[in-house]
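Number of protein chains: 2
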Amino acid sequence: MTVTAPLYRDAAAPVDARVRDLLSRMTLREKAGQLNQRMYGWDAYRRTPDGRFELTDALYAETERFAGLGALYGLLRADAWSGVDHAGGSGAADGAELAHLVQRHVVDSSRLGIPALFVEEVPHGHMALDGTVLPVNLAVGATWDPGLYERAAAHAAAELRARGGHVALVSALDIARDPRWGRTEECFGEDPYLAARLTEALVRGMQGEPGPDGTFAADKAPVVLKHFAGQGATVGGRNSAESELGPRELHEIHLPAARAGVRAGAAAVMAAYNEVDGMPCSGNRALLTGLLRERWGFDGLVMADGLAVDRLARVTGDPVSAGALALHAGVDLSLWDEGFTHLEEAVERGLVSEQALDEAVARVLRLKFRLGLFEQPCSAGPFPDPAAGRALSTALARAAVTLLHNDQRVLPLPGTSRIAVLGPHADTVAHQLGDYTAPQRPGTGTSVLDALRRTGADVRHARGCALTGDDLSGIPEAIAAAAACDAAVLVLGGSSARTPDTEFDANGAARTVVSEMTCGEGVDLAGLRLGGAQHALLDAVTATGTPTVVVLVQGRSHAVPEAAERAAALLTAWYPGPWGGEAIAEVLLGRAEPAGRLPVSVPRSAGHLPVHYNHKDTEYGGYVDDSAEALYSFGHGLSYTTFAYGPPRLSGRTVEVDVTNTGERQGRTVAQLYLRRIITPVWPRTLELRGFQALDLAPGECRTAVFPLGAEQLAQVGADLETAVLPGTVEIRVAESARRALTAVPVGLRVGQSFTAPDETPL
Amino acid sequence: MTVTAPLYRDAAAPVDARVRDLLSRMTLREKAGQLNQRMYGWDAYRRTPDGRFELTDALYAETERFAGLGALYGLLRADAWSGVDHAGGSGAADGAELAHLVQRHVVDSSRLGIPALFVEEVPHGHMALDGTVLPVNLAVGATWDPGLYERAAAHAAAELRARGGHVALVSALDIARDPRWGRTEECFGEDPYLAARLTEALVRGMQGEPGPDGTFAADKAPVVLKHFAGQGATVGGRNSAESELGPRELHEIHLPAARAGVRAGAAAVMAAYNEVDGMPCSGNRALLTGLLRERWGFDGLVMADGLAVDRLARVTGDPVSAGALALHAGVDLSLWDEGFTHLEEAVERGLVSEQALDEAVARVLRLKFRLGLFEQPCSAGPFPDPAAGRALSTALARAAVTLLHNDQRVLPLPGTSRIAVLGPHADTVAHQLGDYTAPQRPGTGTSVLDALRRTGADVRHARGCALTGDDLSGIPEAIAAAAACDAAVLVLGGSSARTPDTEFDANGAARTVVSEMTCGEGVDLAGLRLGGAQHALLDAVTATGTPTVVVLVQGRSHAVPEAAERAAALLTAWYPGPWGGEAIAEVLLGRAEPAGRLPVSVPRSAGHLPVHYNHKDTEYGGYVDDSAEALYSFGHGLSYTTFAYGPPRLSGRTVEVDVTNTGERQGRTVAQLYLRRIITPVWPRTLELRGFQALDLAPGECRTAVFPLGAEQLAQVGADLETAVLPGTVEIRVAESARRALTAVPVGLRVGQSFTAPDETPL
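These protein sequence lines map, in sequence, to chains A and R. Just so it is clear: in the first sequence, position 565 is 570 by my numbering, and no numbers are missing. Just so it is clear: in the second sequence, position 472 is 477 by my numbering, and no numbers are missing.
Keep in mind the hints are simulated off the structure, nothing from the lab. Don't take each hint at face value.
[As the list claims (entries may be wrong)] One side only, chain A facing chain R, incomplete, derived with CB under 8 Å:
#1 S245
#2 A246
#3 E247
#4 P252
#5 V281
#6 L530
#7 G532
#8 G612
#9 P615
#10 H620
#11 D622
#12 T623
#13 T685
Beta carbons are placed, not taken as given, at the ideal position from N, Cα and C, and that holds for glycine.
For reference, chain A alone in the conformation it holds in the complex:
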């Protein structure tokens, strides 16, 4: 008798056939097991006194319970919440060994030898010990440079896979509509077009070009795009609160990044915590199945956010029916929930069909086959060159530094000047990093103070105050330093640095905030002012008369209008990552050009919200006590030189604009193409970004920016909310910011005459 290996073991067979074969062999319990991702990865192992890893009883119990393991979250995660640090966690040198150990056990526990997915946080680099930290997404948004970001994303994916991780959880889809929200730092900005281009870059960079039958290369990682959908518009900027959005607002603003990510081939999306107009995303079949799978044709995986399935028990009455609701809606893989552990019971009780279960299991299995896990469950390549990672992170930081205001032309600072480097952000790398970040090895990174000192400048330093609180005791020292110098660099802002004394919710969001944490998941603010002492420090330092450059390091827009009034110059670097100080110093000294452009409109105060450039074109709004306009416009960012933009020309399916460097330095401008709809069946926005192109120009140099102009740029959401339409007339404007576009010379276009049918349907 010949023993034939089952079809699913045949690496040469088509993935779909392997999935079907494997599925047909599985018990209901094994199937349900594949949809669970219940453990915190750091509970699966511990370090023995002799420095090796060993598995825990918790892992044994879990693989026993699920007859294997569907997925494991955060095996490599290290941060204040998980409590993992260099003493107990795995680093670049031994991450793959740990992953191997766990995977071996999982495969052995599974009757059919099904490996687990190792799912890791990669919001801005792999959030693990020795992972290269990148600037946060808001800083990436400020670069307007998808190509650079794609390379950085590729590096992060390679690090992840080298450590034995498989799947990257990446922030991408949340649109920054309210800076009170502590997760604003995870957004690419307020604009759907910019976010869509960066989401595409992220997917391409991490996943690469898929191989035959959708296989991933060994240094590429399937992504889970977070979050689907509308989470950037929860009311009051309150995390996980409701979004009251209508379907058109959702389609126009909150869905384009997801649509672009799906088109680019994203392997998975994560259903968001929030509800939209009464329907929680994790239980929303219209969203997860009707729109995502049926209309968009998405064939990947839908993962729930942490404990989001269990939250549905609030309306279903118990976790079993909550799990059934989520599965029926379209969630395939749960995260930490009890609800999905009862799927066997839910099917048996008829709360959800076994077919729905099978479809979800098939999607999980398909991803495992695409990753080649059945052939090489424990493969891991070499850790990529850390120097390359550092270079990419620094390049992103450099491209993100945005010069908002430079009235007194104190910048760039002469190399010979005595510089007072002041403020609570001047010398603390930890505050440059953003949320989720793993503990850094001592000496990693460069603060602004470090970097300026290394240039040989005559530098004096005083911290002045803390990020939070009203302790003014350090201010006199800062005043003295400023008074003794030719210029002051005052580094202010916020921080998402979690410390061991932070308390966390079960999903890792911060619950009580101590220390200097003012931003990050769970850290929403009612006010956008900095800590009281920071404002006092700003007042005191500028009052010395020493020209003061204020640098904001932050995960959201803070409202510091007095910086614009009193400082000689104002920059924002967002959270620029470990080497952000280097990037900032280079810009301050003119060794790098200030290349960043705002990915968000900066409001005057929290009372002015919402503030975006792409609001509806109503001329009747406004406030009598203050301007309703942004303090700084979306797209804004000064250079050390100046540029002149010619009028736009239509040329076939492109728009061309001549751009000239009219100053005396080399410089980079980001030409931005905006659409202004004139005749339209629905009320239009004032402007809509539909293209951008960076140009590096020498003094006096003129080049032509060329933008594609097709149905993708011109289409709008139809009245049926299901199809894209190309009606009416539009104006095309090209300018250096949204505000400048309002007064830029337009070129008009009758869309209906030029485009008879959409090249593609964005809905």
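For chain A, the structure is supplied; the task is to place chain R on it using the hints.
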């Protein structure tokens, strides 16, 4: 040959037959004329030197142009915008004479003798000279007393008709969701149920029980309910800006008052300025025809807001197509627009059907027949007793005064105490009145100072400062007065008083704000703080140590959290109308009980918005720098006594609760019934108000509050957004405020078991 009078002249014929007959005789031009309401009424007449009225060339031109006149706006209006005052306008004595003069001319100008509708502003009383000013809607909301409001509305309608006016423009449908909005004062509050009950009362009071064939009594006025829909939720509280709301939010929060008003028989609604999720209300056929007429069965008139049709030219390209779009959508009668003057051309060019035009004309004519204008075009009864009007206005004011905080038990003030009456609102009746108000005759009304003086109390007065600005020069005098007294009453707040130096937009909204105007149409604020000097005055007066009662007179919630901290007591009276000072003084002295309850949640700052009690039940929101909860809860209001609420009991289709006065004074409590949905197909709100009942109880007295509990209370918007459903389980809680309801003992109810079908379908 016998000449037979045409059918439409036959008062005994059915209205519909008369309409059809008249319509069949009209030219296209005459039809289009009926849909126009282009003139400002005050341009139709002037006073001659000998004190009589004469008609203007402008009116002659208008009736010539339209071969008659459909409707005339504001013939009796008098205010800073119209420039009409006692010198030139019509008062109680001669309003009917003016109306007669104009109507005679209109009828004579019309080949078929069609009279005009005289349409007047009645947002809180008839806004004409000698009209009785009532407290603004926000104060009416604070009374929780539909019966009292119905009587006051009836009085206002009688005044209007006695002056020759016909149709009352009334604020009712806007729900106060953002206090930055300057029209918050025109809302009944944040809650759809409370607004629905007050809208019903308004319709019943003004229109009365219709006679045969829908006729109105001679002292009753058909209402135009303003505004339909969603205007209370424009982003940023910015007037006429976009509402991003989804359909469920619209149905649950913004439509119930309109639904109730339509059910109560409202003759007309006004389409709102704003758009909802991309569709401007004035051009929104789904809203005005699909929902309002087809699903709700509304057979009345739809009027556009002022110049709202012309605004549609922004997307249609010109006023002709804007008019066609609005007519097709369901607008019958325009206000001031150019767009509707071209309807003849629009029909001829095929932009809109003549049938649509005919239907709109029929609705205008029908209202004229229902008013009996063809029989008595100029009828006007006697002006109702002003004393009755004053009594009703004062009663509403008294019922609206709301005691928010009374820590030091300084209230009620002993009659023997020396009282310092301070603040910019202490002695200015004009600031008590609210927007739209006509000039008052000297001596009308009572300020807080007037009223306290009349009690014989030993009163000292100092204004202290102005409502706006930072002038602190008057504060020392206020300090001295406070220091010399046993108690201080500090009256602070805002004002919607328009002065001749205010500049206005073409629709009467304030454009530039001078003087002390901080509220009203067009007066939106980014901040909710009072003027800087008012805060300084509060600090200075409370610092004297004299127990200080702060009274806020305001058209929106201002954020004055320090009043809660430093003042002995805090009250809000909203804009209580001319005799508000009397009502406030009565409450301060304990001659009236503080009966008001908050119709809105009071936020801690503009940065906390939105703040409502009926947000979605998400436990994950909140701010790390401050509580996300309201400073004072919806429904809150203290009494001078205390009450105990027993547990709720289900009894058939009612809920019963025993309420006991546990204090030592007579008092009024408003028992509030809240629903908390437990098992539900959509994400629920934390609480939903579904009943309220005021109880006057003697010390020690116990009575049972009985609330109906039927499908109307229990139904929710179905997943299809088109039908009402009765699913799941709910908890019923009865308490003195929304916040107290959160911890009140609930009684549970499985809705499906008790109610098998809706008694009615609210959608």
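Now the hints, each set against the structure:
Satisfaction of the interface hint for A:S245 is found here, the shortest Cβ-Cβ separation to chain R being roughly 4 Å, below the 8 Å cut-off. Taking 8 Å as the C-beta cut-off, the interface hint given for A:A246 holds, the closest approach to chain R being about 4 Å. Interface restraint check for A:E247: the shortest CB-CB distance to chain R comes to about 4 Å, inside 8 Å, so the restraint holds. Because the beta carbon of A:P252 sits about 7 Å from the nearest beta carbon in chain R, less than 8 Å, this interface hint is met.
The beta carbon of A:V281 comes within 7 Å of a beta carbon in chain R, closer than 8 Å, and the hint placing it at the interface holds. Hint on A:L530 holds. Least Cβ distance to chain R is approximately 5 Å, under the 8 Å limit. Hint on A:G532 holds. Least Cβ distance to chain R is approximately 5 Å, under the 8 Å limit. At a threshold of 8 Å, the smallest CB-CB gap from A:G612 to chain R is about 3 Å, leaving the interface hint in force.
Hint status for A:P615: holds, given a least beta-carbon distance of 5 Å to chain R, under 8 Å. Interface hint at A:H620: satisfied, since its Cβ lies 7 Å from the closest Cβ of chain R, which is below the 8 Å cut-off. Because the beta carbon of A:D622 sits about 7 Å from the nearest beta carbon in chain R, less than 8 Å, this interface hint is met. Evaluation of the A:T623 hint against chain R yields a held restraint, the C-beta minimum of about 5 Å falling below 8 Å.
A hinted interface residue such as A:T685 counts as satisfied when its beta carbon comes closer than 8 Å to some beta carbon of chain R; here the least separation is about 5 Å, so the hint holds.
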